[in-house]
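Enquirer: Read off the chains here:
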Amino acid sequence: MTIRTRLTLWYAGVLTVSLLIIGLGTYRELSEQLRRDRNRKPAEHAIAETGELVLQVGLPAVLLGLLGGWWLTRRALSPVAGLTEAIKKIHERNLREPLPRTGNGDEIDQLAKVFNDTLARLDESFNRTREFTLHASHELKTPLTVLCGEIETALRDESLTPTERDRLASQLDELRRLARIVDGLTLLAKADAGQVALELEPVRLDELVRDNFADTQILAESQGIRVELTACEKITVRGDRHRLRQLLLNLADNAVKYNQPQGRVTMSLRRAGDTAEFTVANTGPGIPAESLPHVFDRFYRGDPAHSSEAESCGLGLSIAKWIVSAHNGTICIESVPSKLTTVTVRLPLAQKNEFRL
Amino acid sequence: MRVLVVEDEKKTASFIRKALQAEGFAVDVCHNGDDALAAVRVTPFDGIVLDIMLPGRDGLSVLRLLRERKNATPVLLLSARGEVNERVEGLNAGADDYLPKPFELAELVARVRALTRRSGENKSTVLRVADLTLDTVTHRAQRGGTDIELTAREYRLLEFLMASAGRLCGRMMILEKVWDYDFDPGTNLVDVYIKRLREKIDADFEPKLLHTVRGAGYVLKEQP
Numbered sequence: 005m006t007i008r009t010r011l012t013l014w015y016a017g018v019l020t021v022s023l024l025i026i027g028l029g030t031y032r033e034l035s036e037q038l039r040r041d042r043n044r045k046p047a048e049h050a051i052a053e054t055g056e057l058v059l060q061v062g063l064p065a066v067l068l069g070l071l072g073g074w075w076l077t078r079r080a081l082s083p084v085a086g087l088t089e090a091i092k093k094i095h096e097r098n099l100r101e102p103l104p105r106t107g108n109g110d111e112i113d114q115l116a117k118v119f120n121d122t123l124a125r126l127d128e129s130f131n132r133t134r135e136f137t138l139h140a141s142h143e144l145k146t147p148l149t150v151l152c153g154e155i156e157t158a159l160r161d162e163s164l165t166p167t168e169r170d171r172l173a174s175q176l177d178e179l180r181r182l183a184r185i186v187d188g189l190t191l192l193a194k195a196d197a198g199q200v201a202l203e204l205e206p207v208r209l210d211e212l213v214r215d216n217f218a219d220t221q222i223l224a225e226s227q228g229i230r231v232e233l234t235a236c237e238k239i240t241v242r243g244d245r246h247r248l249r250q251l252l253l254n255l256a257d258n259a260v261k262y263n264q265p266q267g268r269v270t271m272s273l274r275r276a277g278d279t280a281e282f283t284v285a286n287t288g289p290g291i292p293a294e295s296l297p298h299v300f301d302r303f304y305r306g307d308p309a310h311s312s313e314a315e316s317c318g319l320g321l322s323i324a325k326w327i328v329s330a331h332n333g334t335i336c337i338e339s340v341p342s343k344l345t346t347v348t349v350r351l352p353l354a355q356k357n358e359f360r361l
Numbered sequence: 590m591r592v593l594v595v596e597d598e599k600k601t602a603s604f605i606r607k608a609l610q611a612e613g614f615a616v617d618v619c620h621n622g623d624d625a626l627a628a629v630r631v632t633p634f635d636g637i638v639l640d641i642m643l644p645g646r647d648g649l650s651v652l653r654l655l656r657e658r659k660n661a662t663p664v665l666l667l668s669a670r671g672e673v674n675e676r677v678e679g680l681n682a683g684a685d686d687y688l689p690k691p692f693e694l695a696e697l698v699a700r701v702r703a704l705t706r707r708s709g710e711n712k713s714t715v716l717r718v719a720d721l722t723l724d725t726v727t728h729r730a731q732r733g734g735t736d737i738e739l740t741a742r743e744y745r746l747l748e749f750l751m752a753s754a755g756r757l758c759g760r761m762m763i764l765e766k767v768w769d770y771d772f773d774p775g776t777n778l779v780d781v782y783i784k785r786l787r788e789k790i791d792a793d794f795e796p797k798l799l800h801t802v803r804g805a806g807y808v809l810k811e812q813p
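For the record, the sequence lines run as chains G and P. Using my numbering, read the first sequence as starting at 5 and increasing by one per residue. Using my numbering, read the second sequence as starting at 590 and increasing by one per residue.
Hint data in this document are derived by calculation from the structure and do not stem from the laboratory. It should be emphasised that the depicted structure is a prediction, and the values quoted were computed from it without experimental measurement. Honestly, I wouldn't trust all of these hints.
[Said to hold, decoys possible] Pulled a few chain P residues facing chain G out of the computed Cβ check, cut under 10 Å:
#1 604
#2 608
#3 613
#4 796
Even for Gly, the Cβ is constructed at its ideal location relative to N, Cα and C.
Using the sequences provided together with the hints, build the complete structure.
Expert: Here's what the structure looks like:
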């Protein structure tokens, strides 16, 4: 029950009680008057007259009061509805935009003020975290460069035994993986801080998909995985070519990596309403239902067995999600464990006039 | 070949110098932009490795000043930030190449070598390594007179490797030139394509031409 209904009901109750009191008062007054007039049937007359009065005057007054009350509460609570709408739109990226205030200093205005202060504090703390990640990833790059460079220099030494060489090479592999993680982190930290500018232009998505399909076939070949492109409609979106290619390769690579030998990868690109819909489905172990909501989280690994997967950096899907959101699109994942896992990306189509540019 | 390395981080500067010296380059090192500008005034270099983040005058403004003074020495920019925008900004300011940190040393050396290679070294439309030929006009590949069927991507890969024959090609460099990727996809795409290409151009022929340099990249040449 909304506050408005509740207040209106209470108000109706109060009005009814007042009506009763008024009725009772009127009845007494009337019977008194009638007795003084020495009427024979004072009681019946008084009741009838009171009833008439209450019906003809009291009831319309109550109805009017009720309507007025309903209107008043609605008016009083309308800023709350506005506030609710404004608060609904808050997410971590627009904390800086304060809620609209009436400025008249009433209770609701006070509430908005307090809420804005809270938002400002939250925004500051979010910023601090973002900046920390950004600085941390920058700071990590210099020592990583030094380490990689020195190991590579060491590997040039002809006098190394094969064991030493293997050990160094394996260290170098791990360092490079670390470097990729740092790269991914930097990218995401920058995206969070709104520091990555996309180079938007009309992009023929079908061409990118075909290109990516060819690469995926090659990637899948050694594991006997069959790759199919079931549909590839001619579609133009407004986007950043490099980031879209990164997105496609990222999804395709996952579909191959988390597959089974002799498995299957099916891709399609279709027009769906005013969006371009790209899907990648793959066979393989799949993702348990409880992990699905978290797969786009940074460093989330549903299956602990995957944590030793040397090739992935744990940021692939987070980056994919960022790329899709930056293009005002949506990405979702469905999985039937040990059957089929499907990722669906929807991107808004380019406007007709952009198409010609 | 004389190369100037401008890098404030001493250790990084030191191993870059060692690696380039090992490849037969004469190397000078500066730790800040003003020293670099002074060095360039007195010594003609064949190439400059320039870090963007320098104390005082940063790499980009050093580069702009160089170009303003009509100095056309090829410049390879290094950056720890690795932003796409920065790359574009650097190339617009007159850089010839750009490498984000942390880079692979072999990659850096390969790029410096490509940078300092005299232009017009290979003007022919037919590339040739031993008995392997590639016609860049008709896209026809042959080894020992036998035609080799190549997909579009394989063709571009082979073209790149043959154009840089004898020089090491790092994975990032290949991804950039053949795939036009400006990011590290974290896949073994390059290795898989190299394997396929090797099956086509090397499997049935001697001597082998396409060699792997462990932890560094690939090189196409006649001698191992």
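Enquirer: Work down the list of hints and note, for each, if the structure agrees.
Expert: Here is what the structure says about each hint:
1. The interface hint given for residue 604/P is met, as the beta carbon of that residue sits about 4 Å from the closest beta carbon of chain G, less than 10 Å.
2. The closest approach between the C-beta of residue 608/P and any C-beta of chain G is roughly 6 Å, which is under the 10 Å cut-off, so the hint is satisfied.
3. Annotation: residue 613/P was flagged as interfacial toward chain G, and the flag is violated, the nearest CB pair being 13 Å apart, outside 10 Å.
4. Hint status for residue 796/P: violated, given a least beta-carbon distance of 23 Å to chain G, over 10 Å.
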